[in-house]
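Engineer: Spelled out, the chains give:
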Amino acid sequence: MHKQLAWAIAANHSEDFFHCRDQVRYLYQGSRAVQDTNIMHNINQVLDTKSWQNYIHLDRFKANFAPWLLQHSSNSVIGLDQYCVNFSAGTTQAFDSFYFRCRERRFRCFVGEYFYHIKTWINNNVDWSFVTEQDPLTAGDALVISMPFCDTGSAPADYQAIIDQCTALNIPVLVDACYYVISGGIKLDVSAKCIDTVAFSLSKAFPVGNLRIGIRYTRPSTADGQSLHDSINYNNTMSAQIGSMLIDTYSSDYVYNKYRQQQLEFCNAVNLDASNCVLFAVGNDSWNEYNRRNLLQQYQLSFDPNLFANRISLTHVFENWPLFELLKNETTVSI
Amino acid sequence: MKLQLAFDRIVDDPQCKILINQHTLYEGVTQSEYTFNLAVPVGSCRLTIVHCDKKPEHTIVENGIIVRDRSFELVKCMIDGYDLQELIWLSRFVADHGEVYNSCLFFGPNGEFQLDFENPVLRWILRSRHERDNNDPQWEQDFEYYQQACKLLQLTSNK
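Each protein sequence line maps, in turn, to chains A and B. So the mapping is simple: this note's numbering equals the position in the first sequence, first residue as 1, plus 419. So the mapping is simple: this note's numbering equals the position in the second sequence, first residue as 1, plus 505.
Careful, some of the hints might be misleading.
[Claimed, not checked] Among chain A residues calculated to face chain B with C-beta under 7 Å, some are:
no.	residue
1	423
2	426
3	427
4	430
5	431
6	436
7	444
Rather than coming from a laboratory, the hints here were simulated on the basis of the structure. The C-beta atom is built at its ideal place from N, Cα and C for all residues, glycine as well.
Just chain B, same shape as in the assembly:
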């Protein structure tokens, strides 16, 4: 699996940890872009992005207003070349203090962003979109045709 992430509005070197299932891919100061190539078994997967080590002094408040706050924002998630686009909103952010924020791409408090999906991701993308919009009844058939086409092309390249 190829995982590409892009972050924006990175303020004051926030610490993060990126995991697929239980496998840690990165740990350290948040960068604007990441690309990971890793072997992932077929089936259920979870992308976890942990925001950690944020302390009270990383939030500067003046006259009751936050004027600076260590934080960052997830702006793009691509898996195997497919931009998840709107499906990224199927995620949630579980803050360490117990609150759960659905569809939250902003990393303010310490906590973890969780996105559950499936490998291969294309099948999950097609199914998820159809389940939500009910406008792609051929998705499963098309996916099978595509899989077989890739297999056939693999045969030609091996000959």
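Excised from the complex, chain A in its bound form:
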């Protein structure tokens, strides 16, 4: 049924067979936020106020972000009070800052981690490698780990053991929590001394990816270009204003609560394992055509796609839910 739904979604956007086929190939991939028309309307209303130049938006956004996170009904985050907060151009600026501050170390991540890290390290001749049984974490490393994990959209079972190991080996860790606010059932403890950076973003929850609205938490001793810019308000006030509106208007579990039942229903219908991240599910081998092959090609990376989970994006499904319901009820569509 998922394939028929993909074709129906594609054909709903274009009558051309070849355009449809291209869209179908990518339809269950990526990590784009749902294009919620109500949210888009609210964003446009903010822009109409023409008050985006005020620096206060930056302060408000930073001050209100942690309380907003903590109101999530099924997630919890512990230890954020130990950190200083900076505005961040998405999580990406926090990544780049971490890379620079840890430039003397060997960068590490687990197989399935966000390709941006790997591509950046490879292109810049940075020393890096995947963490494996044969090549475990060692002193002198710097670790990037996503929580929930990028490859599956769920919490890695051994997250705390990894963090404990990093503490023991004095390995600085960046926790990429960009999926936190689209997830449920996540217990994120960032109180361990080894954790250098915790990065959040609004790009996955709301259709604002191009506005680069993020927050970085670092230890009080951190002094880098990002903290310098933050200290003089040299950041994107328009993004901060929209970010403030979003966290004022929508709770941090809004997206999770809105789509969780749909995620479970779709997963049940097409035999997928629902992730903690409401936008994702994981498919077995029958979903191999939606593996990371296309994304690897896009990033020009030559890893075997079978190394990665078949992480299925449900964004298009949610955006076209009436089509799914129709298809579900039309057990056979006669030609």
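With the hints as your guide, set chain B onto chain A.
Structural biologist: Only chain B this time, still in chain A's reference frame:
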């Protein structure tokens, strides 16, 4: 079926006749573009474009060289929104004098251009390309999914 044709290098008002199967769609001086909407049964079809009424005086020869010649050229053929692109070369031109020119889009002598295809054309396009290039083993399955998707969307628009 929606048939769109485009001609170029039209010299000296050549006469043509355009047919799908035995049904004449146009007859007269060749124009640069045509669009026809017509009902065509599912199955084998033939597009025929006849070049006619060309007389010897329509070819001007000086010192053994043709300096002007009534003629035209087919440059685009779209059926149901799909540009046939390279598949147009599956055609042939049967001249009145008996010669048959495969893959000829130039209408010089009197005669008829013939392209055999199938309705629905999309299925024919996909099958023809796969038969030639052997690079689209999923074409039939994809076509069925597409057909069903269109059917489903039709249901939604009817509700």
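Engineer: For each hint, tell me whether it holds in the structure or not.
Structural biologist: A quick look at each hint next to the structure:
no., hint, result
1, 423, "holds, 6 Å"
2, 426, "holds, 4 Å"
3, 427, "holds, 4 Å"
4, 430, "holds, 4 Å"
5, 431, "holds, 6 Å"
6, 436, "holds, 5 Å"
7, 444, "violated, 10 Å"
Hint check: a violation occurs at hint 7 only; the rest are consistent with the structure.
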